[in-house]
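Visitor: The task is to assemble the complex, starting from two chains supplied on their own in separate frames and drawing on the hints.
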Amino acid sequence: MHNRPLALLAMALLASCGTSHNKSVLPNGSSTTVIGSPGGKLVISSPGGPKTFNPIVENESSSSDFVGLIFSGLTDADAHTGLPKPGLAESWTVDSSGKVFAFHLRKGLKFNDGSPMTADDVVFTWTKLVFDTSVQCAMRDILAVDGKLPEIRAVDQLTVEFRLPTVFGPFVSAVGGVPVLSKARLSGKTGRAFNSAYGIDTPPDSLVGSGPFKLAKYEGGSRGVFVRNPFYWKKDSAGQNLPYLDTILITVVQDQKAEVLKFKAGEIDELDVKPQDFPVIKPLEAEGKFTVRKLGPTLAQLFLIFNQNLDRSPLGKPYVDPVKLSWFRDVHFRRAVSWAIDRKAIRDIVWNGLGSEANGPFSPSSGYWWNSRLPKLVRDMDSAKAELAAGGYVKGADGKLRDAKGNAVKFTLLTNAENQSRIETAGLVRKDLDALGIDVVFTQVEFNALVSRLDGSFDWDVVMLGLTGGSEPHFGANVWLSSGRTHQWYPRQKSPSTPWERELDSLVSAGVRTVDTAQRKRAYDRLQEIVREQQPLVYLGHPEYMTAVRNRFGNVDPTPLGGALHDIELIFVKK
Amino acid sequence: MVPMLLGVSLLSFLLLQMSPGDPLSAQRGNPQVPDALIRRIEAEYGFDRPLPEQYLRWLSRTVRGDLGYSFKYKRPVADVLRERVGATLLLSVFSSLLSWLLAVPLGVWAALRRGQWPDRAVSLTAFVGMSLPSFFLALLLLFAASVAPPIPWFGRFPIGGLVSPEFDQFGAMQRVGDVLKHLLIPGLVLAVGGVAGLQRVARGSMLETLRQPYVLAARARGLSQRSVLWRHAFRNAANPLITLLGFEFSALLSGAAFTEIITSWPGLGLVALEAVRAKDLFLVMATVLMGSLLLLAGNLLSDILHAWNDPRVKLS
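As you go down the protein sequences, you meet chains D and G in turn. Numbering-wise (this note's numbering), the first sequence opens with residue 1 and increments by one. Numbering-wise (this note's numbering), the second sequence opens with residue 1 and increments by one.
The shape of chain G in the complex, shown without the other chains (with noise of 0.2 Å):
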């Protein structure tokens, strides 16, 4: 694990100190901003230094927890990133949670039906699901909740953002429901991308352990059509779709971010653009390294749980 962190942030280190540009690109191009206090920025932040010893600082602060300080920001990259966490992992779970809870249903649904309406239905609404651009859906959504008229209980759909103006007034429930009610576009519009795609693989799979000789031998038994599906053909299906469960985790914290751009969800997605657009290094650095945490914690989890779910695999 350590010698792939440490790969992945040299190579992305390298990369960007050898694409065009620098942090300070604004700054060179602003006839206000003088040559005196580019060089002063410059040595503060050691962009002076030969390369390895760039790299090297970094990796000792790092190792040390020091995530390093954003440029853009004027603070500490770990404050940076703390401050969006939160509205990222809500959205980002709140739609896993709702694709996998539509798109595992609709999948096994479809595998049963095949051939027949049903199955034509799911796939041709996951086809469309799956060529309609995130951003695209999203400003659709937003188009149709200026447009809509307020409903009853509800009131009108925001356009966007994570809460009300007017947050600081509500009471607690209220202020829950403000925050569902903001969820809800930027979150239907993850969950769409993610359902269609879902939604095949576990057709597909199920499809596969359908047809297998141990479900025809357990209906043979007599067993019920409902053990048969879900104890036996389901828990064999589950397998490719733990992998990709696996995956999803990796994509929590950096999936969302057109949609968070569209819907202005104050998520990661655009700080992480900001700074690679602005070559902010150290919070992109931040940025890359969190991602490969958490596509390695998605890989062990998912191998934790394939242990679980298929005897044959065993931790060793």
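Chain D extracted, bound-state conformation (with noise of 0.2 Å):
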């Protein structure tokens, strides 16, 4: 019962500071966008509701799609490309040294009291809030460079310049994810007290922001009311203001049955259809008047990881038994897993159908940086036992495999239990790895107890994991560098153990080095090869992002980068 809020619990929650608006996008005249009328309401549900409003601080998905409504930034994220397009700022410049930015805001924008933006609101939401080390918040740590943190100044009332310390490449970005605040209203509550500011008890009055909507009521747990911004700046290209509805209104259901009985019945208008629930949704459309599309893998990844960690506890007992590192450690066994893994399976009866093989890091959906010339990942046996036979391992007239010095291939498999397609998933692959002679031992353990395996007692051999990124691949970077914590198969190395890892800390480091875009682009092209080749990451496939909506919305374009519900103030209810 209950997977909504523990898909949640799959290990990236997108939303530190710095990645989580990337629901608004501008108008921005594609062909599907058409002129709609103003009025009418929306009625969606959220699994666990908001925990807080608070745009700055660190937080998880639940909150992060609600903060999006009343709060917006500088930059937004494009739903398609995942690339940043004007937001608050109509335009920005960077100089030839790529340290220096410079963000225009448009004219007469205003907060939601009716107040004017101006520079120094953006100034003041940076030095005050995001810079103050008591205040919980990750693009402070991920923009200082040995302690040294970016220089903000109002040019002048529209103009804000920002000098980096070093360059930064996603750093247009970065400042989408951070919203502007007001200082009238805050400047009271900088410091530790603004990490308890704004939370959900807060009048709605005081909640000022800049997005297309604002709060009218919440009631913890139960139920949100956002109305429309009159002050938001966004227009049609008939000049009527947006957004175009009056009213979104928001029900907390943490039961994912109880949420598709909730949409059956029509007391809400959209759904995220999840592969097991789409025979019985897909047949009521006609009768409940709304589409179901499907639109391609969703950005969650799921993967296997090989404990590949050389260090001793502080007992001086290797973290890993010798005999199991010295084939994590091999590329051909960890290719030999891969191609055995017969992932179309896992697709047909994992996700009954919808979704779709991966082939390397990134989600297909994640835009700009995919790298599409990467073949999908397919099961073929010739290959797996050539790259066993070029390790030295042998499979036995009992069946079993050996490495060459005789031990049997056995190993644990461990997932977090609160996520039932991954218990399924692991019964498949264990099936898979049998055909090599592989013995594989399947536990599942709660996600704390797996993360503090992963991140503190380094106390095990395989994991199922899953992560969900956004599209900015630098945000994911911790994964790929060898010092990083999220390095799953061997964190926080002093120095890289192998060329090909030392080869992935300098692509990260080549992506971020530079503003741009194409030279990024190559770098994060690589990184994707050399991930495939190397596969730390076993990775297994994508379901289908599908979601469902009454037909009488208009401008509804889903995509699995900005949800379903993106360009929200662009939606208007068909006359």
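Quick caveat, the hints were computed from the structure, so don't treat them as lab data. Everything numeric in this text was worked out from a predicted model, so none of it was measured. Accuracy of the hints is not assured; some may be wrong.
[Said to hold, decoys possible] DSBU-like mimics (lysine-lysine), calculated; alpha carbons at most 30 Å apart, straight line:
| hint | chain 1 | residue 1 | chain 2 | residue 2 |
| --- | --- | --- | --- | --- |
| 1 | D | Lys257 | G | Lys181 |
| 2 | G | Lys72 | D | Lys183 |
| 3 | D | Lys324 | G | Lys181 |
[Unchecked claim] Across the chosen pairs, the derived CB separations fall in these ranges:
| hint | chain 1 | residue 1 | chain 2 | residue 2 | range |
| --- | --- | --- | --- | --- | --- |
| 4 | G | Met18 | D | Asn407 | 53 to 61 Å |
| 5 | D | Thr133 | G | Arg57 | 17 to 25 Å |
| 6 | G | Leu124 | D | Ile349 | 34 to 42 Å |
Ideal placement from N, C-alpha and C gives every residue a C-beta, glycine not left out.
Guide: So, in structure tokens, the structure goes:
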């Protein structure tokens, strides 16, 4: 029962301040956008409801969806490519050094209380909130270089200048993740007090932002009412003020099955359709006056990790049994496992045939940065056997695989118990590896316990895990950097333990130390190639992203990256 | 009472700390959260201090009435609980009333008709009710509600939640009706579970007292059936029920988690469950403490009721 909240437990909760607000996008005059008419309401559900409305403090994705309605940043993310586009800033420039950015605010911007927004508010947000060490914001630590922070100043009322200590490629995207807050409203609430400012019990009038909607009422764990922000800057091409909708109602539905029932009964207008619910929902399209759209792979990645940790515990004992370590650090072994896995079966059995095989570390839906030249990973037993032979592994007459020293290959596969589809997938993986003669023992633990093994005791062989990323690859750099905490196969290395990890390190650096997007793309393309060659993570596939929205709403253009209702200010009720 | 609370709090604190993981697990697993931020948060909450110091800090704050800060909700624990207590109390008081009002008369009736069809029918229903898991019954009822046609004067059954989306436009009477309408399914689910058990206890206890010589004596003296039943037999049969009532009291705030989750009831159940999952230390401690306090209060209440109902028991 209860799948949605657990899906949130999937490792990366997209939402440290920095990438969370990629839901609203400019009216970009794309061919699908039509002119709507004002009025009407939209009812959506949320699995847990927001936990806080604070847009700066580190936070989980159940909150950031709602934060994105109330607040907005200087730039926005395009829902198709993930690349930054103008938001509160109509344009920006960067100097030849790549370190000095100037953002030009639109004229006449107002907060939702009617007060004007100027460059001072931007400077205040960054210097007094984001950069304050007692405020729990990841962006500060992401941008700090040897303790040096960017310098920010207001050049004039409409221009803000950032001087970075070093080149930071995704800076324009990063800026979009930090909404502009009101200096007048918050100057008394800086420092530690800001961490608990804008909680869910804040009087709605004090939640001063510049997003398309503002909060009218929120009852914890139950429902929220958002109404049109009359001071929102965006207009449609006919000059009408946006947003079109008067009201957005949020109703909290914790159980996923109850959510499906609510959608069937017409109580909510949008549903993220899970593969197991698709056969139930799809036939009701005409009767329920909605459309189910299949939009390609989700951003969620599911993969196996081998423990390649060479370190010893404080007691001098190796974290990983040296025999197992020799397999896990052997690229032939990892490749053999990858070739042997029947990803099509995972798609067909676990995801009802609604999904696709992975080709590498990024999802095909992650937009611009995905390396489309890599072929899909499909089962190939001949290649698997060839790799095993190359690594000196022999399958004996008893059907058991032995390494060159005669040790039978046997390991424990661990995943988190809350996630039913991972448990099903693990069963299939076990069966596939059995065909190679590998004995897999499957164990489940609580998510918390899993993380403490990955990041504390390092006591594990092979783990199945998921990660949901955004588009901007640098925000996932912690996975690729050999010194990273979430470089799960061997975290926190003092220096890279293999040549290919050294190359990953330099590619991450190449990807961030230039503002040239094409140059950055080349670095990340190469990164994806290496990960595919070396298989430190064996990618298993993505379920299909599907959403059902009632037909009476116009300008609905869902994407896996932007969600079902991005461009929410453009969505209208058809007359 | 105080030593018991101290013991409970120390034990749950230790268990929480010894089990793997900590409140920052989600952050540790997230590639987008830098190490430096995690260290800053640890220092902020004192998670980097030795265990005894952490416990004593928590204790001294709690004694002063400060329940601490919920890491997950980014607000004081007391605020998180206060917001949810109302809905949970409404639901558990409603379902308790419903189950007691149904179970006690049914139990007495079944006892009087022992072995006859009313007894068998009530027992059968009780066993079915006992063996039906509450989350499954809740899902069944929600499903029935989603396919049921609108009922005149009532409209459609709501699929979970506390109020309708249009609640703000309703008048006062309509609001009360709306909440009652939403209360029906979760209240019924909880009551069914309660009725089954209570009814069995009431029946058994009643049967036992009906066999006592003083009941025969009362009948022999020509007292009316009603007087024998309610004034003599039932008062004695009620003692085990009163003890149960004390326990029920302790479950007022925690007994409904599964039903709350399935029917999207914004109560404490989900908060407590999420808190344990996320190891939101201070929130878990507060819910544990609240449960223990209610258990103690429930015991006290049943003692007082015993004294009132049973002249042999004296409060000293």
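Visitor: So, for every hint listed, does it hold in this structure?
Guide: Hints, one by one, checked against the model:
no., hint, verdict
1, D:Lys257 - G:Lys181, "holds (20 Å)"
2, G:Lys72 - D:Lys183, "holds (26 Å)"
3, D:Lys324 - G:Lys181, "violated (60 Å)"
4, G:Met18 - D:Asn407: 53 to 61 Å, "violated (34 Å)"
5, D:Thr133 - G:Arg57: 17 to 25 Å, "holds (22 Å)"
6, G:Leu124 - D:Ile349: 34 to 42 Å, "holds (40 Å)"
This entry does not satisfy hints 3 and 4, going by the numbered hints stated previously.
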